[in-house]
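Q: Chain by chain, the residues run as shown.
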Amino acid sequence: MSKGVLVDTTRCIGCRSCQIACKAWHDLEARYKPSNGTYTSPEKLSADCYTLIEFFDKKTGDQPSWKFVKEQCLHCQDPACASACPVGALKKTPEGPVIYDQWLCIGCRYCMLACPFQIPKYEWDTTNPWVQKCNFCASRVASDMAPACVKACPMDVMYFDDYDKIAQEAERRINNFPGKYVNHIYGFREAGGTSWMYIADRPFRKLGFNTDVSDKPYPALTWKPSLSKILWEEAGLLAVLGGILYLRNRRNHEEGKK
Amino acid sequence: MNGKGSEHYRFFTLRTWILLGLAVFGAIVALYRLAVGLGPATNLSDSTPWGLWIAFDVTTGVALAAGGFTVTFAAYVANWDKFKPIARAATLTAFLGYLLVVFGVFLDIGKPFAIWHPIFFWQPGSVMFEIVICISLYTLVLFLEFLPWLLNRLNVLTGVRDFLEKRSVLFTLVILGIMLSYGHQSSLGGLFLITPAKLHPLWYTQFIHHLFFLSAVCVGLSMVSCETIVSANMRNKEHETGILDGLARGTSIALLVYFLFRIGDLAIKGNLGAMFEGSLQSGLFLVEMGVGVVIPMLLLASKSIRASIPALLASHGMVIFGVVLNRFNVVFLTESNMGAAAYFPSWQEFAITVGLVSAGLFLYKLIVTYLPIFTPAEQKT
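Residue numbers (the working numbering), protein chains in the order written: chain A, 1 to 258; chain B, 259 to 639.
Since the hints were derived computationally from the structure, they do not count as laboratory data.
This one's a predicted model, so the numbers in the text were calculated from it and none came from an experiment.
There may be inaccurate statements among the hints.
[Unchecked claim] Mimicking EDC-like on lysine to aspartate or glutamate, the simulated pairs with C-alpha atoms at most 16 Å apart in a straight line are:
#  : chain 1 : residue 1 : chain 2 : residue 2
1  : A       : Lys206    : A       : Glu54
2  : A       : Lys44     : A       : Glu95
3  : B       : Lys561    : B       : Glu496
4  : A       : Lys91     : A       : Asp78
5  : B       : Lys369    : A       : Asp212
6  : A       : Lys165    : A       : Asp101
7  : A       : Lys216    : A       : Asp78
8  : B       : Lys340    : B       : Asp523
9  : A       : Lys59     : A       : Asp201
10 : B       : Lys369    : A       : Glu123
11 : A       : Lys33     : A       : Asp57
12 : B       : Lys342    : B       : Asp503
13 : A       : Lys44     : B       : Asp503
14 : B       : Lys456    : A       : Asp212
15 : B       : Lys369    : A       : Asp125
[Said to hold, decoys possible] To give a feel for the contact side, a few chain A residues facing chain B, derived at Cβ under 10 Å:
#  : residue
16 : Val87
17 : Ile99
18 : Trp103
19 : Glu233
20 : Leu245
Idealized CB from N, CA, C, for every residue including glycine.
Take the sequences, apply the hints, and build the full model.
A: What follows is the structure, given as structure tokens:
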């Protein structure tokens with residue numbers, strides 16, 4: 001059964017327990033960098049930071065109101081990165097996680113360009129670099145355990161359950177608390193649907209979400225206009241070339257025979 | 259090798275030494291890149307995963323080497339006798355070009371020694387997979403077209419040579435080469451079909467792969483023209499005006515097709531206005547289309563321009579400039595929407611790119627000196 005996570009951004013207090021749990025579970029190096037005017041720390045996802053809480057200094061009415069958004073791979077149902085990879089190093093598993101096989105990867109980094117959410121990051125400073133991103137704690141999820149970040153959260157921000165129940169729960173919360181949420185489940189339609197979804201109390205654009213994301217699955221963008229047709233185009237080209245070759249070389253051939 | 263060399267000119271001139279020096283320096287920097295990884299050797303980052311090597315050595319390099327399939331089409335498939343004298347030179351340029359592309363890919367990918375993976379681990383839903391397979395096979399095809407000339411010179415494996423020189427084998431290779439070229443020239447544009455929100459609408463279209471193929475045809479012809487002019491200068495030969503005129507007319511027509519396709523596509527989507535919005539992107543687009551397409555298209559359509567060697571060089575130079583700019587625009591405008599970090603190539607990236615180009619020019623000079631590239635008529639293929 002495919003799993004999913006609903007992130008209720010209104011519940012997050014910005015404690016970053018999820019960041020710590022992620023680092024601990026994946027045995028990733030912690031890095032200490034001085035802040036440069038933002039409370040988001042580290043500032044960006046990177047090869048050794050799969051998830052982080054982005055801090056937004058917002059207002060509700062005229063009251064200051066901090067907003068905290070958890071960033072990580074959204075685990076698309078039909079992932080752009082998996083379709084981009086020339087060797088199938090990125091895969092969507094039946095349980096939901098989009099996982100990476102470092103032994104297959106050649107390091108072309110097309111997944112980094114293809115991802116509409118800019119999630120895959122690269123280990124630039126080694127001679128055997130891997131692509132790195134949140135793996136939805138695939139080994140935990142496969143044995144029906146919640147991901148490390150979900151488990152660590154003190155505010156119950158994340159609801160981990162079967163994929164179908166995630167969207168239902170999101171709808172239930174939006175309907176049960178009129179005025180609390182905007183009527184938009186981010187990830188329900190985005191990129192054709194993602195295993196992680198978000199609900200929020202203000203438009204997602206204002207919380208740093210990419211709202212230019214297409215509602216259609218990304219792999220179709222390369223498959224439909226180009227790849228699906230290439231064999232037919234090649235067959236047509238072969239026929240045309242063969243025709244021209246025959247017509248234009250007929251005379252020479254006859255002359256050659258004489 | 260046997261000390262005979264060429265009767266026409268000295269092989270080791272100052273320029274040849276400089277090319278060799280740059281190539282050797284590039285090779286040393288390439289070893290450094292392999293030893294330390296991409297991070298220390300390049301200015302690439304998570305917001306600019308593709309840099310100079312992909313934009314120039316690979317994407318542009320493949321386009322510039324397109325003369326191979328366009329000229330072999332004209333000379334063999336369409337059987338235009340006019341183009342037969344340059345078919346070998348165009349094939350050789352393409353072969354060297356693709357060798358450099360393969361080497362450029364080898365250095366650019368994070369795991370160079372996994373470069374063979376796509377041959378065994380297939381993922382047919384990936385544009386990148388298709389490109390890798392087509393480029394590998396096409397490089398092999400070009401090698402097989404090139405091999406008989408080398409075997410002929412060394413006078414070994416004459417059985418293999420005679421087999422590869424059979425008309426049926428040669429024509430099969432040529433047709434395969436054109437099909438494979440179509441496959442990957444277009445797919446290099448197809449890579450960007452998946453980045454609709456990142457690439458500016460003046461470049462993004464669901465037909466971008468067709469545009470890449472058409473512009474490759476244009477620039478392939480321009481490259482062969484420049485090569486024909488420069489190599490005639492180099493060997494102190496008369497310019498082959500008939501061939502140059504034919505290539506120039508072909509380039510002009512190809513540019514017109516490209517122009518109509520691109521402008522037509524923008525017009526249908528109602529995006530024509532975007533080119534006058536006054537942004538950096540609109541400026542780049544106007545330079546790309548104006549200098550790279552419209553001006554050379556009009557110039558090359560004029561008979562008096564086609565008769566003048568300097569004017570031909572200038573016009574074809576503009577086409578080459580336009581396609582280089584186009585490939586850079588597509589790669590870097592896409593990445594400009596991936597984060598704030600600005601990218602400028604490191605000196606190591608420049609050194610390797612310059613080294614690759616120098617190695618190509620050096621090998622070209624070496625091969626045309628010792629192999630029968632410009633005198634195929636005497637060889638009777």
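Q: Could you run down the list of hints and mark each one as holding or not?
A: These are the hints, each one checked on the structure:
1. A/Lys206 <-> A/Glu54: 12 Å, holds
2. A/Lys44 <-> A/Glu95: 27 Å, violated
3. B/Lys561 <-> B/Glu496: Cα-Cα ~19 Å, so violated.
4. A/Lys91 <-> A/Asp78: Roughly 10 Å separates the two Cα atoms, so the pair holds.
5. B/Lys369 <-> A/Asp212: 33 Å, violated
6. A/Lys165 <-> A/Asp101: 29 Å, violated
7. A/Lys216 <-> A/Asp78: With Cα atoms ~9 Å apart, A/Lys216 and A/Asp78 stay inside 16 Å; holds.
8. B/Lys340 <-> B/Asp523: 35 Å, violated
9. A/Lys59 <-> A/Asp201: 12 Å, holds
10. B/Lys369 <-> A/Glu123: 11 Å, holds
11. A/Lys33 <-> A/Asp57: 21 Å, violated
12. B/Lys342 <-> B/Asp503: Status holds; Cα separation ~14 Å.
13. A/Lys44 <-> B/Asp503: 56 Å, violated
14. B/Lys456 <-> A/Asp212: With a Cα-Cα distance of about 9 Å, the restraint between B/Lys456 and A/Asp212 holds, given a limit of 16 Å.
15. B/Lys369 <-> A/Asp125: 12 Å, holds
16. Val87: At 4 Å from the nearest chain B Cβ, A/Val87 passes the 10 Å test, so the hint holds.
17. Ile99: Since the shortest Cβ distance to chain B is 15 Å, the answer is violated.
18. Trp103: 8 Å, holds
19. Glu233: 7 Å, holds
20. Leu245: This interface hint holds because 5 Å falls under the 10 Å limit.
Comparing the model with each earlier hint shows violations of hints 2, 3, 5, 6, 8, 11, 13, 17; every other hint is respected.
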